[in-house]
Amino acid sequence: MDDYNFAYLDEETKRMIRRAILKGVAIPGYQVPFASREMPMPYGWGTGGVQVSAACLTPEDCFKVIDQGADDTTNAVSIRKFFERTAGVATTERTAEATVIQTRHRIPETALTEGQILVYQVPIPEPLRFLEPRETETRRMHALEDYGLMHVKLYEDIARHGEIATAYAYPVKVEGRYVMDPSPIPKFDNPKMEMAAIQLFGAGREQRIYAIPPYSQVVSLDFEDHPFVPGKAPHDCALCGASDTYLDEIITDDAGARMYVCSDTDYCAGRRGDYCAGRRGEAI
Amino acid sequence: MSALDGGFADAPAEASRAFRAVLEAMARPGRIETVTGARAPGLSVAASVVLLTLVDGTTPVFLAEDVDRPALRQWLAFHTGAPVVARGAAMFALGGWAALGPLAAYPQGSPEYPDRSASLIVEVERLENAGARLTGPGIEAEARLTLPDPEAHRANRATFPLGLDFIFCAGSRMAGLPRSTRVEG
Chain A
1 MDDYNFAYLD EETKRMIRRA ILKGVAIPGY QVPFASREMP MPYGWGTGGV QVSAACLTPE
61 DCFKVIDQGA DDTTNAVSIR KFFERTAGVA TTERTAEATV IQTRHRIPET ALTEGQILVY
121 QVPIPEPLRF LEPRETETRR MHALEDYGLM HVKLYEDIAR HGEIATAYAY PVKVEGRYVM
181 DPSPIPKFDN PKMEMAAIQL FGAGREQRIY AIPPYSQVVS LDFEDHPFVP GKAPHDCALC
241 GASDTYLDEI ITDDAGARMY VCSDTDYCAG RRGDYCAGRR GEAI
Chain B
1 MSALDGGFAD APAEASRAFR AVLEAMARPG RIETVTGARA PGLSVAASVV LLTLVDGTTP
61 VFLAEDVDRP ALRQWLAFHT GAPVVARGAA MFALGGWAAL GPLAAYPQGS PEYPDRSASL
121 IVEVERLENA GARLTGPGIE AEARLTLPDP EAHRANRATF PLGLDFIFCA GSRMAGLPRS
181 TRVEG
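Protein sequence lines correspond, in order, to chains A and B.
The working numbering applies: residue 1 is where the first sequence begins, and numbers increase by one.
The working numbering applies: residue 1 is where the second sequence begins, and numbers increase by one.
If you're looking for bench data, these hints aren't it; they were derived computationally from the structure.
These numbers were taken from a predicted model, which means no experiment stands behind them.
C-beta atoms are modelled at their ideal positions from N, C-alpha and C, and glycine is treated no differently.
Only true hints are included.
Partial pick of chain A residues on the chain B-facing surface, computed with a CB cut under 10 Å:
| hint | residue |
| --- | --- |
| 1 | Glu12 |
| 2 | Pro33 |
| 3 | Pro59 |
| 4 | Glu114 |
| 5 | Arg139 |
| 6 | Ala143 |
| 7 | Glu175 |
| 8 | Leu200 |
| 9 | Tyr215 |
Covered stretches of chain A, as calculated for chain B (at least 3 residues, CB under 8 Å):
| hint | stretch |
| --- | --- |
| 10 | 24 to 30 |
| 11 | 47 to 57 |
Think about it this way: if two alpha-carbon atoms lie no more than 20 Å apart in a straight line, the pair counts; the simulated EDC-like pairs of lysine to aspartate or glutamate are:
| hint | chain 1 | residue 1 | chain 2 | residue 2 |
| --- | --- | --- | --- | --- |
| 12 | A | Lys173 | A | Asp225 |
| 13 | A | Lys173 | B | Glu140 |
| 14 | A | Lys192 | B | Glu140 |
| 15 | A | Lys173 | B | Glu112 |
Assemble the whole structure, with the sequences as input and the hints as a guide.
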């Protein structure tokens, strides 16, 4: 471990983030402002998630990072190494072994359990932002539970495309009160948000933290005659054969040939039973 | 003991473990967590740990009269630097249930910023999974917790998303009760 304070941030900053997390847990789905710090990585690379993870990690934790479901992409590798260096925590690629999982844009396929924390990286935490740019107005809309504009947006989807065309960052209502942006996860993942683990959301540039306690009710917004449909590519995984996972489309040649594979690399490798076939880097 | 004693020996590690216990307690109302590592004069281990984990110079604290002693003020000043204030200006409040009231005197948050409300650290004699029935976020079916005054929490829940959040402490044991929890009996 390098000569940083444990988990990089100073203790006063961690206390500030911890207080924001607790208020977020007490008010499910409400965006708590926090004094986001400049991190040694650019905005858009998970600075919010990294700060939440830093405030949560203990020396005994086992940490996993995924980026679009994969453990081995640049964002995931660099954040994993960041906490290996600054917190000295154990890391893993296996969902079931991890106690803290930081994610960019996916929920793991393996069901999470009590004792696990899922930390989301969030670019735009305000679900109403593209409908109403003024923070003062969106604050008031949340205060008054005035979510008509969001339903108009979904209705316009139907009027234009015949269905709700929103495929990711699909808005949810938490515990019947706050409409919340689930971060840009595919809507396929929305039903998984009612889970046994604690879910924490960090938006670094936008300086917001929010949370969903375990077993909370999380409802994807829809209409009686246009119910919410999770949706995925109509294929099985070309590698492991799974029919119930979210798939990435991979272009395999210049002629447009393609294959569909699980986006969750740990889940897919586990099903194929070749987990240790040269996939793990030497740092682990 | 002097005001210099009773702090964390290894603050970053111990505070991180303590925060995880507080987080689990708040996120799963009714779950009783055990913590160690801090001891303030006249306070339980759990209340001392919560103070060191969450309180600092940016968080005004109210001390109820049953815990407000010079020794505790000195300990708080040395270890946290938190200003001691009246109920209406407090982000955290500390004391026994009877001495903490009236609850309406604490900041409850505003409709735009419901997070700007006080968190009460309550010293109780006994903390068991018995008595009042809890349901709501963080609870799979139901939980039970010995509460000094369930009616007060029903009134607190009725103002959601405004309201107070509670951390109950007995010895080294601790349980959370956020404003979102529905309390019966």
